[in-house]
Structure formats: C-alpha cells, structure tokens
Amino acid sequence: QKEVEQNSGPLSVPEGAIASLNCTYSDRVSQSFFWYRQYSGKSPELIMSIYSNGDKEDGRFTAQLNKASQYVSLLIRDSQPSDSATYLCAGYQAGTALIFGKGTTLSVSS
Amino acid sequence: EPEVTQTPSHQVTQMGQEVILRCVPISNHLYFYWYRQILGQKVEFLVSFYNNEISEKSEIFDDQFSVERPDGSNFTLKIRSTKLEDSAMYFCAIVFEDRSYNEQFFGPGTRLTVL
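Chains W and U, in that order, are what the protein sequence lines are.
Positions 2 to 111 (my numbering) are the ones given, in order, by the first sequence.
Positions 642 to 756 (my numbering) are the ones given, in order, by the second sequence.
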C-alpha cells in the first residue's frame, strides 16, 4: 500500500453541494494529518489539521479521522467555484517529513 | 497566517550550472523544510533543517544538494550541478514556534527550469 493514497479525480460537484474528499494511509504514516489546497501553479495552502479520531470543523470545512480504518476525509459544505483546486492529504512519517498523496482535483460548477 | 517568502520566483538555468534557492521566514521558526514538486506529480520531501543542521533527508537529497543558513535568517537550497530532471517547483516550508501540532506552512515556491 502506498503511504498516502487519494483518488486523483476529478471530482465534480455543483455549486452549493457538499464535496467529499478521501484519503487512506499506511502504517508508516503517523497519526497527524493535514489537508492542503493547491491552486494550479501555486504552493500548498494549509486548510485543516486533525490529530484525534472524530470530526473537526472549521467554517465550511470538516475533517474526519478514523484511525482504525486508516482513513481521513475532508468535507466541503456549500461548495463554491473558488473551491476548485487540487486537495492534498498529508501525514507525518516517523520523523519530520510530511508525506503527501497525489491529490484530488475538485471542480465546482456554477 | 505566518508568511514565508522565496526567491527567485522563477529560475532558468543551463544543465550543469549551480543554482541557489532562498527562503526567508517572516516570524519565529522552528524547523525549515524543502520540498519539490515535478509538474503533474506529488509533493516530495527533500530535507528538514533544525538548529543549523540537517534533521532528516530523503533519498532524493543526494550529494548534489546542500542546505544552509548563511546569515541566520535566510535558508538556502543549493543544487551544485543541475540536471534536466531537477526541473520542478521547489517549496520551502516552516514550522513556527508559536504554532501547535507541527503544522507546516509553505512559501510561494521557486519554479526551476533546467535547459
């Protein structure tokens, strides 16, 4: 299993809908996880971090972590065209390096 | 959000030439990191730097690469003899002392093009 895996997409949702982005991880990745948003040609922008089992909400974003299933998700409520980007899931390997998934491309149509 | 700047924004170089990429954090920092992203591929870890020494490095970070803090604030990545496959976006990332959970904040990146 790859260390951090994501469906590459594209995931297409209409404006106002909920977008659900998923990520699975291997045993080599630690229990701290991060969601980054990356617009084309730009750098990753941290939008959510999660460390404990359960949900964490911040505005329109909710991150969910299930350690037993090794699964992390990001829900975006009331999706806007400006949310169209690639969403990167990342976790720490043993040490100081962040390990990234390949990212899921989200397209929100107006 | 903590700010990190990187220079240059775009560097074009000939194969075999040396390049130096720079990162300048605005606020207090704990760790520095360098990552790269080849076009269309995932973000890859290169090296982490703490207390003026390398903390961890990946297999990508071979003898062609080096990092240093030449003046106590700037953080540089040097590629001694660039290869075509070094063409990528290079991102500096920072963990700040006053932030929790080792959240890494990325600079805007330097696009390196090796001809």
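Derived from the structure by calculation, the hints contain no laboratory data.
Keep in mind that this is a model prediction, so the values were computed, not measured.
One or more of the hints may lead you astray.
[What the hints assert, rightly or not] Lysine-lysine pairs mimicking PhoX-like chemistry, simulated, CA-CA at most 20 Å apart:
{"hint": "1", "chain 1": "U", "residue 1": "Lys683", "chain 2": "W", "residue 2": "Lys43"}
{"hint": "2", "chain 1": "W", "residue 1": "Lys57", "chain 2": "W", "residue 2": "Lys43"}
{"hint": "3", "chain 1": "W", "residue 1": "Lys68", "chain 2": "W", "residue 2": "Lys3"}
{"hint": "4", "chain 1": "U", "residue 1": "Lys719", "chain 2": "W", "residue 2": "Lys103"}
{"hint": "5", "chain 1": "U", "residue 1": "Lys683", "chain 2": "W", "residue 2": "Lys3"}
{"hint": "6", "chain 1": "U", "residue 1": "Lys683", "chain 2": "U", "residue 2": "Lys698"}
Taking the hints in turn, this is what the structure says about them:
| no. | hint | in the structure |
| --- | --- | --- |
| 1 | U:Lys683 with W:Lys43 | holds, 13 Å |
| 2 | W:Lys57 with W:Lys43 | violated, 26 Å |
| 3 | W:Lys68 with W:Lys3 | holds, 16 Å |
| 4 | U:Lys719 with W:Lys103 | violated, 26 Å |
| 5 | U:Lys683 with W:Lys3 | holds, 13 Å |
| 6 | U:Lys683 with U:Lys698 | holds, 17 Å |
Violation of the numbered hints given earlier is confined to hints 2 and 4; the remaining hints are satisfied by the structure.
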